[in-house]
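Peer 1: Sequence:
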Amino acid sequence: MAFHPSHLRDGPDAQSGSAGRRGIPLARTGGDGGWVEDDAGEPASGPSARMNAEGSSAPPPPRDGELGLADLSPPTLGPIDRTMRFLYARGISARNLVRPFHKPSKMRLLATVAEPLPGERPAGMALRAGHFLIAGKRLSIENLDFSSAKLAPPIARAIHGFSWLPDLEAAGTRDKLAPVAEDIMRRWLLANPVVGEGPAWQAGVAGQRLLGWLVHAPLILSGGDRAFRAALLRHMSDTALWLDRQARRRNLPQDAIFAWAGVTAAGLLMPDGKPRRLYGEAGLIATLGDAVGEDGGMLSRSPDDQIDTIAALLRLVACYRACRREPPSQIETMLRLMTPPLLALAHADGSLGSWQGCAPMGARRLLTLCEAADPHARPLREAGHWGFQRLAAKQAVLQFDAAPPPSGREAHGGCASTLAIEFSHGTERIFVNCGGASMAGGAVPRRIEEGLRSTAAHSTLMLGEGDSTAVEADGRLGSGVKSVTFDRERAQGAHIMIASHDGYVARHGLYHERRLALADDGSILEGQDALMPRGKRARRGSHNFAIRFHLGPNVAADHVVQTEDGGSGAMLALPDGTYWQFRVDEPGLAIEDSLWVDGGGQPRQTLQLVVTGDVGREGDMVHWSLRKMG
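In the working numbering, the protein residues as written are 1 to 630.
Since the hints were made in silico from the structure, they are not lab data.
For every residue, glycine included, the Cβ atom is placed at its ideal position computed from N, Cα and C.
Check before you lean on any hint, since a few could be wrong.
[Stated by the list, open to error] Once the Cα atoms are required to be at most 30 Å apart in a straight line, the calculated DSBU-like pairs of lysine-lysine come out as:
#1 394 to 176
#2 137 to 274
#3 137 to 176
[Claimed, not checked] Pair by pair, the computed Cβ-Cβ distance ranges are:
#4 122 to 102: 45 to 55 Å
#5 173 to 488: 49 to 59 Å
#6 479 to 106: 50 to 60 Å
All chains, please: the whole structure from these sequences, using the hints.
Peer 2: Written out as C-alpha cells, the structure is:
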C-alpha cells in the first residue's frame, strides 16, 4: 500500500467540505441488530462485536415513531395541559393549578427509582473509608470545606453535584452505606444552608444534585432521624423551586440540560408535580435540540458532555419508569441518536479515546452506558457535526479529528486538536493525545491545563510557535481554524481519509492538509502532512514545523536510526510482543518525553515521536508510515 502522486494533485479546495455537512439524521438508531464479520469472516456477536463494529456512513431507514432533528419540539399537549404549562412557566404555583383551594400536599417522594448506571466500587470504598476519590485525588471528608470556593472545577462539580452517590451505592449494602451518606449530607447542608447562595449553586450542578438525590433517595433518606429527613425533603423542594427559575435563564448548554432534567425529575417524583413536569419536558427537549448536532454529537464536541448528557437522560428515564409513565419519545430518540457518535471514539479494546480534554473512559463503563442507552448501537463512522471520523480494519482503529474546534458558548474548555489522530491495535494504544485537561485541579496540576489543550498535546502538526486555534487562559478558544474540508477515498487494499484546515493561513499563509491510509488488514498506517500556500504566496522566509505522535503508555521506543533514503525511523515495542516500525522521509525525527492522563485522572510519563523541519513559502510535504513487523 502506498500513496500515489495522483492522490496529491488536487488541493483541499477540490474536496467535499464537512464543516456544514449534514451527518446521520436523527432517525439514526445505531444499527438494526445485524451481525458483523470477525477476522475469520464468521458472524460475530455480543457487546465486544458491537463496540468494534464499523458504523455505516449512510443513514438506515427510520424506525416507526422516530423524529427528525427539525421535529425535536415539546410534546403535543391538549388545551388544558398546554394552559397549565403556560401558567406554571409564568409563576403560578403547581398547587393552584392542580388542587386549587386545597391545603398544600405534604412533601414526600412518590416512587423509588432504580439507578440505571452502577457506580465504581473503588471510589465507593474510598467514601466508606472517609475519603472522596475524584480526578485522581484523595480528599478527606472530615477535613473538607464544603462551602469553599477554592475547590478545583472537576472536584467541585463532583462533590456539589453528588455524582459520587452511585459509587457509594456500589460499595456495599444499604445498612452500611446509609450512615456514610447521611454524614456527608449533614456536612454539606450545614455548609450550604441557603438555597441559591455559594459555589454549589450553579444551575447545572444544582440540577445534577437534585436528580441524584431523587434517584438515590432510599440511600440518603433511610436514616432514623426524622427531623433530618424532613429538612432534606424541604431542601429538595426549595431546590426544585429555585431551578424552575434558573433553568430558563441563559446557561451553558450542558448546564441547561442538567437543570431541566432536575426540574423534570422533580415534577415526576414530587406531589402536585404535573405542571412542573410539563414545563421541564418542554425546556429539556428544546435545549437538547439546540445542544446536539444532526449526527447525534454534542456541539461542544466534548465526549465528557456526551457521556454526562446520556447518563442524565438515562436517570431521567428511570424516574419515568418508577412512576409508571412513558418518557416522551423525543428523549428516547435522543438517547439512540447520541450513542453511535460516542461509540465512534471507542478504541479496539472498547475504551474511549482522549479527545477535547477528556480522560479515557474504561471499556466496561463505556459499554454499560451505551448498552443502557441503545443495546443495538454501532459506532458512527462519519459525523460531520461531531467531527470525529473513524476507520476500523481488523484489530486496528483509527480516529481522526476532522472538524474545527467548538465555537461560541460551547468553546469553553475546548482543545486545538484539528487533524489530530489516535490509533490503536488490539488492546494497545499506539498513537494517542495527552488528554485530561478537563480533570485539571485533581492529580493533573492546574498549571498544565492550558498546555494539555494546546496543539502540541495532540498527535498532529504544529506550525511555528502558535496553536492551530489559540487557547486562551480563561478557558476559551481564540482565532484559528474556521473551516475544515474532509473526504474519503478507496484505494487498492486501503481506505483513505483526507482533511485540511486553515488555522495557519492568517499567520503563515499556509494551510495544513493531512492524508491517512489504513490497510485493510490494519497492519499499515501511512500518512502525509502537507503545508501549502492558499491563494496568494506564503510569507517570505522559512517556517518551522513539528509533527508529534504521542505514544501510548505501554509503547517503548529506544532510539532513532537514519535510513538509506535520507529519512529516519524508530522501532516501537508493544507489551503484546509485537513490533511496529515508524518511518518518515525527513531526517529530523526525535524521541522526547510526553505524558498521558489515564482514566483515573493520573498523569503518566510517556514518550512522543517528533518530526521537525522547515518549510518555505512554496510549501512542502512529509510522508510517514507505521508498519507492523511481527
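Peer 1: Please go over all the hints and tell whether each is borne out by the structure.
Peer 2: A quick look at each hint next to the structure:
Pair hint residue 394 plus residue 176 does not hold up; C-alpha atoms about 47 Å apart against a cutoff of 30 Å. Of the pairs offered as hints, the one joining residue 137 and residue 274 is violated, with about 42 Å between alpha carbons and a cut-off of 30 Å exceeded. Using a Cα cut-off of 30 Å, the hinted pair residue 137 and residue 176 holds, with the two alpha carbons roughly 24 Å apart. Look at residue 122 against residue 102: about 49 Å separates their beta carbons, and that is inside 45 to 55 Å.
At roughly 53 Å, the beta carbons of residue 173 and residue 488 sit within the given window of 49 to 59 Å. Separated by about 57 Å at the C-beta atoms, residue 479 and residue 106 satisfy the suggested range of 50 to 60 Å.
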